[in-house]
Every structure is written in C-alpha cells, then in structure tokens.
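So the protein sequences, as listed, match chains A and B.
Per my numbering: the first sequence = residues 1 to 299.
Per my numbering: the second sequence = residues 1 to 248.
Be a bit skeptical, because a hint or two may be false.
Unchecked claim - Each computed DSS-like pair below joins lysine-lysine, with the alpha-carbon atoms no more than 30 Å apart:
id, chain 1, residue 1, chain 2, residue 2
1, A, 151, A, 79
2, B, 4, B, 136
3, B, 7, A, 2
4, B, 175, A, 2
5, B, 225, B, 25
6, B, 112, A, 19
7, A, 19, B, 136
8, B, 135, A, 19
9, B, 66, A, 295
10, B, 175, B, 87
11, B, 136, B, 175
12, B, 25, A, 2
13, B, 136, B, 112
14, A, 295, B, 87
15, B, 112, A, 295
16, B, 232, A, 2
17, A, 2, B, 88
18, B, 232, B, 25
19, B, 87, A, 79
20, B, 25, B, 7
21, A, 295, B, 88
22, A, 2, B, 225
23, B, 4, B, 88
If you are wondering where the hints come from, they were derived from the structure by calculation, not from laboratory data.
Small disclaimer: the values here were computed from a predicted structure and weren't measured.
Residue strings, one per chain:
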Amino acid sequence: MKIRTFFYTLSQGIRNLFKNGWYSLASIATISACLFLFCIFYSVVANLRFVLNNVEQGISVQCFFNEDVTEERILEIRKEVENRVEVSRVIYHTDEEIWASFGPEYAGEDYLDVFPENPLAGEHNLEIFLSDVSMQSTLVTWLSSMSEVRKVNYSEVTASTLSGVNMIIAYISIGIIVILLAVSIFLINNTVRVGIAVRAEEINIMKYVGATDFFARAPFVLEGMIIGALGAAIPLALTYNLYDYVLDYINGRFSVLSSILTFLSLDQVISVLLPVCMIVGVGIGFIGSFVTAHKHLRV
Amino acid sequence: MASKQTKALRRQETIAERGIIALNKVSMSYQGDGAPALDDVTLRIDPGEFVFVVGDSGSGKTTLIKLLLRELVPTSGDVCVMGYNTKKLRHRQIPEFRRNIGVVFQDFRLLKDRNVYENVAFAQRIIEVPTREMKKNVPGILSMVGLAGRYRYNVTDLSGGEQQRVALARALVNKPEILLADEPTGNLDPNNAWEIMDLLEEINEQGTTVIVVTHNPEIVNAMKKRVIAMRKGIIVSDEEEGTYVNED
Numbered sequence: 001m002k003i004r005t006f007f008y009t010l011s012q013g014i015r016n017l018f019k020n021g022w023y024s025l026a027s028i029a030t031i032s033a034c035l036f037l038f039c040i041f042y043s044v045v046a047n048l049r050f051v052l053n054n055v056e057q058g059i060s061v062q063c064f065f066n067e068d069v070t071e072e073r074i075l076e077i078r079k080e081v082e083n084r085v086e087v088s089r090v091i092y093h094t095d096e097e098i099w100a101s102f103g104p105e106y107a108g109e110d111y112l113d114v115f116p117e118n119p120l121a122g123e124h125n126l127e128i129f130l131s132d133v134s135m136q137s138t139l140v141t142w143l144s145s146m147s148e149v150r151k152v153n154y155s156e157v158t159a160s161t162l163s164g165v166n167m168i169i170a171y172i173s174i175g176i177i178v179i180l181l182a183v184s185i186f187l188i189n190n191t192v193r194v195g196i197a198v199r200a201e202e203i204n205i206m207k208y209v210g211a212t213d214f215f216a217r218a219p220f221v222l223e224g225m226i227i228g229a230l231g232a233a234i235p236l237a238l239t240y241n242l243y244d245y246v247l248d249y250i251n252g253r254f255s256v257l258s259s260i261l262t263f264l265s266l267d268q269v270i271s272v273l274l275p276v277c278m279i280v281g282v283g284i285g286f287i288g289s290f291v292t293a294h295k296h297l298r299v
Numbered sequence: 001m002a003s004k005q006t007k008a009l010r011r012q013e014t015i016a017e018r019g020i021i022a023l024n025k026v027s028m029s030y031q032g033d034g035a036p037a038l039d040d041v042t043l044r045i046d047p048g049e050f051v052f053v054v055g056d057s058g059s060g061k062t063t064l065i066k067l068l069l070r071e072l073v074p075t076s077g078d079v080c081v082m083g084y085n086t087k088k089l090r091h092r093q094i095p096e097f098r099r100n101i102g103v104v105f106q107d108f109r110l111l112k113d114r115n116v117y118e119n120v121a122f123a124q125r126i127i128e129v130p131t132r133e134m135k136k137n138v139p140g141i142l143s144m145v146g147l148a149g150r151y152r153y154n155v156t157d158l159s160g161g162e163q164q165r166v167a168l169a170r171a172l173v174n175k176p177e178i179l180l181a182d183e184p185t186g187n188l189d190p191n192n193a194w195e196i197m198d199l200l201e202e203i204n205e206q207g208t209t210v211i212v213v214t215h216n217p218e219i220v221n222a223m224k225k226r227v228i229a230m231r232k233g234i235i236v237s238d239e240e241e242g243t244y245v246n247e248d
C-alpha cells in the first residue's frame, strides 16, 4: 500500500466517524457504559480481595519448642520453615524479647526488678506468617510431627473462614467479570455491526469500481477501532478521576476501620484496567467491523 | 509460472479468437429457484461493438450483467471476459479484473456524501493513480460528460441526468475496455436519456465496447445497433441494426 493510500484510508476512517456522528456517539456511549460498569466492579472486587489478603497475611502460626532444643537447632528449623511455599515470613521471638514486650504491660516499667528471673522462660517460639491461609493445616501437621516441637498455636476457624470467603469472592467475581465482559463484547459488537450494515451499499459501490477487500474495508475497520478506543478511554478517565475521591470518602466515613481498610493505589488499579479496557474496546471495534465489512465484500 | 506479459499476450489471443465477451453454453440457476435465470446461452461480442441487451423483467438481463462483472459464476458453461475465464478468477484477482470494466446502474450508485470530483476521483484512488495525474484526468473526463463546471457540487444536489453523467465519468475515468450500462436511462426523462445515449455512442466511437441493458424500445429502435433480445433466460434473437418491441 502506498503512503498516500494509507493517509486516504485514515482520513476516510476519521471522516466516517464525523459523517455518522449520532451513530458514532451512540456506539461510544454503549462501549463506555459497558466498560465503566466493568471498571467499577473490578475496582470493588480487587480492593475487597486486597483487604482480605492483608487480613490473611496478619494471621500467624506460633511454634513452641521443647526445653532441650538449642537455639542453633531452632534457627535451622526456621530455615526449613522459610523454604516452604505456603510461608511468607518467619520471626524468631526469644524469651527475652517476649518478656521485654510483655513485661512493662504486665508489671510496669520496673518489671525487671519485680521479676528478676524471666517468668516466660521457655516460651521462645517461631511466629510463622502464611502466604496462603488455606495451607495452614498442612503446615501445622508438618510442624506437629517434629520431635523438637512442644506446641503449635493456631486458629483454624479464622483461617478456614477467611480462606472460604476469599474463594467465594474469587469465584463470584470471576463469574461476574466474565458475564460483564461477554455482555460488553456482545453490545459493542452489535453496535459496530449495525453501523456498518447501514452503509453496506457504500462497500458495494467500492467493490463494483474495483476496490480490493482491504481498500473497501480499511476505513470501516479504522472507524471501529477509533470508536472502541474512545469508548474505552472515557470509562478509564472517569475511573482515574473518581477513584481517589471515592477512597478518600470511604476513609473519612469509616476512619475507625482505617487499620483494616487499606486499598489498592490508583496506579495499581489503572495498570490492570488500562490494557483490559483498551484491548476489549479496540479489539471488539476491530473484530466487529472486520467481520461485518467482510460479509458485504462478497460482491 | 507464466509472466504477466505472457498472460496478457495470451488474453489478447483469446480476445482475437473468441471476442472480448464470450459466453459458451452458459446456464445459471439460483438456489431454491426452479427455472434457470440463464439457460444454455452462447454469445460473442467483439471489441468496439455497441450492443443492446433487451428483454422483459425476469428475462435474464441482470443475471447476464452479474456474470460479466464476476459477481456470479455460472452454474455450467464458461464466461470469458477480456480473455479471463471468470470461473477461474481467484477472489483476489477480481478487483483488478473489474478495473477494466466500467459499470453504470439505473440508480447511479454514487457516494452520496462526496462531491462530483471525489466520486470520480474515487475510481482513480482505488488504482493508486498519483494525485498529480488524478488532477488532470478527473477534470478531463468531467468535461467530456459536460460537468466541468460542477465538480464541487454535492451529487445529491444534481439532477438525475447529471448524476448519471457523474456515474458515467466514474466508469470511464480508468479507461476501461468494456462499459456495462444496466438500465442507464431508467430513471431519466427523455431529454436526459438521449443525452446519456449520445455520450455512450461517443464513448463507443472512441473504441470502448459498450453493452447497454434496457427495455426502452424508442432508444433501441432509433440507434440501429446490434440488439440481443432475451426471454426467460434464453436469447431469442440477435440482430445487427435490430429493433425491439416491448411486450409489457
């Protein structure tokens, strides 16, 4: 294709957009509405999962050791624990550290004078944080089977509840996102198809005059892609401008829960939404117009 | 694999031997339709001829045009146009094939959102004619059809006769070997109809093969050209300087 033909095609695509102004506006509005719904739902679900993940990561298993186990051996066990896939991090609490954090609360600032000997001797432990709470029971079974381990503290109910809720949210959100995307694809595709179908005669004329399929189709495909891109850009811009505003509102309204309610940053949300919306918008614009124009090319 | 030159030479030989248009025992049936639209039609048209194809509605005229444009392929038999056997043309070869056939329809089929110049230039853009040449060719052809002063007009602002002239200019701007006109005067008043026919005759005198499908007996009988009459998918008469009696 010669450069002047490329620019001619480009100009025709843009011209079509303005020529069929109402149709273009309706298409852009349909695409925007579909993708904005998707953006809202994704933002809600992603943040819900982020909050739950944060809560999950605060859940730990405490592993206590027999008195005769040396610190050297405990540190070896720590390394083994750290190497397990379900473990995110491990903290070793010595008897002294535990007493130092607990003593002032229990016996006041002069706790060392009140209790010259550490009353929590033998309570040294490994605090193990999990990357996946659903694996807690596996870890607990493994730890309990070690001869050096005296006791393992954990909360089975919390872990299983969190893991269950997380899984339900994941399934529901995947289901709704798939449905929303399918509806968006269907609506966008239909809008683009209707727009081209009413101009079938134009494609017909081009073909009678000897235009190649590419030449006849290119302006329509380009028009579909531009509509898709604009339709994706509007919900993205809305999300970009409203996201922080909504988070500020929630943080202000539920300030008591601010320690639990930590949200994804705008960049994190947009980094997912930008490619998804653009691919869906431009992709459907391209495929819809390509396929529909193709039907009218058989002249 | 034969080179382009060899193929062109072979086509010239075919044209000399069989005519610029040759139909050999062509039948055409549409799916789900009992009677064939064309039934065992054999026909030869030589380069430079002016031919009327006449007949009532349903006689097979439009099917014939569609076969010549390779919009349809025959159910049986061969359609040979400018040395191309249309059955053997691949889909990607069709655009180039059509660029050598100018076509004019009863309903003009112009791009309604563009002006006169753009409608004619469109045919040149398709074959990627350089802009400088286009700026010479388009006014030249518009002048020939008598629309030189109206190149900026939107086609919807023109009369029927003028719109058909634009369609004619678009069909001719790429200097086709054949001009197919499907009821070119069907939507025009007698004055405009005659002006269009005069133009078609002038184009024919310059060497283009012209095939006019019509059921206007006055024009056919006055012009004294070859007349192929069709009825129910078969050729019932083929006469030099023929006449046409409309049975409608």
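Results of checking the hints against the structure:
With a CA separation close to 19 Å, the supplied pair residue 151 of chain A and residue 79 of chain A stays within the 30 Å bound. Under the criterion of a C-alpha separation no larger than 30 Å, the hint pairing residue 4 of chain B with residue 136 of chain B is consistent with the structure, at around 28 Å. With a C-alpha separation of about 26 Å, the suggested pair residue 7 of chain B and residue 2 of chain A falls inside the 30 Å cut-off, and the hint holds. Taken as a hint, the residue 175 of chain B and residue 2 of chain A pair is honoured in the structure, with Cα atoms around 22 Å apart against an allowance of 30 Å.
Restraint check: the Cα-Cα separation between residue 225 of chain B and residue 25 of chain B comes to about 24 Å, which is no more than 30 Å; the hinted pair holds. Of the pairs offered as hints, the one joining residue 112 of chain B and residue 19 of chain A holds, with about 11 Å between alpha carbons and a cut-off of 30 Å not exceeded. Simply put, residue 19 of chain A and residue 136 of chain B have alpha-carbon atoms about 28 Å apart, close enough for the 30 Å limit, and the pair holds. For the proposed pair residue 135 of chain B and residue 19 of chain A, the alpha carbon gap of about 25 Å is at most 30 Å, so the pair holds.
Distance restraint check for residue 66 of chain B and residue 295 of chain A: the Cα-Cα separation of roughly 18 Å lies within the 30 Å cut-off, and the hinted pair is therefore satisfied. At most 30 Å may separate the alpha-carbon atoms for a hinted pair to count; residue 175 of chain B and residue 87 of chain B meet this at roughly 24 Å. Pair hint residue 136 of chain B plus residue 175 of chain B holds up; C-alpha atoms about 14 Å apart against a cutoff of 30 Å. Restraint check for residue 25 of chain B and residue 2 of chain A: the C-alpha separation of about 42 Å exceeds 30 Å, so the hint is violated.
As the CA atoms of residue 136 of chain B and residue 112 of chain B are separated by approximately 23 Å, the hinted pair is consistent with the 30 Å bound. Restraint check: the Cα-Cα separation between residue 295 of chain A and residue 87 of chain B comes to about 21 Å, which is no more than 30 Å; the hinted pair holds. Our distance criterion of 30 Å between C-alpha atoms is met by residue 112 of chain B and residue 295 of chain A, whose separation comes to about 22 Å. A threshold of 30 Å between alpha carbons decides the hint, and for residue 232 of chain B with residue 2 of chain A the separation of about 47 Å lies outside it, so the pair is violated.
For the hint pairing residue 2 of chain A with residue 88 of chain B, the CA-to-CA distance comes to about 29 Å; that is within 30 Å, so the pair holds. About 15 Å separates the Cα atoms of residue 232 of chain B and residue 25 of chain B, which keeps this hinted pair within 30 Å; it holds. At most 30 Å may separate the alpha-carbon atoms for a hinted pair to count; residue 87 of chain B and residue 79 of chain A exceed this at roughly 77 Å. The hinted pair formed by residue 25 of chain B and residue 7 of chain B meets the criterion: a straight-line CA distance of about 25 Å does not exceed 30 Å.
About 22 Å separates the Cα atoms of residue 295 of chain A and residue 88 of chain B, which keeps this hinted pair within 30 Å; it holds. Under the criterion of a C-alpha separation no larger than 30 Å, the hint pairing residue 2 of chain A with residue 225 of chain B is inconsistent with the structure, at around 43 Å. For the hint linking residue 4 of chain B to residue 88 of chain B, the alpha-carbon distance of about 16 Å falls within 30 Å, and the restraint holds.
In summary, the numbered hints that this structure violates are 12, 16, 19, 22.
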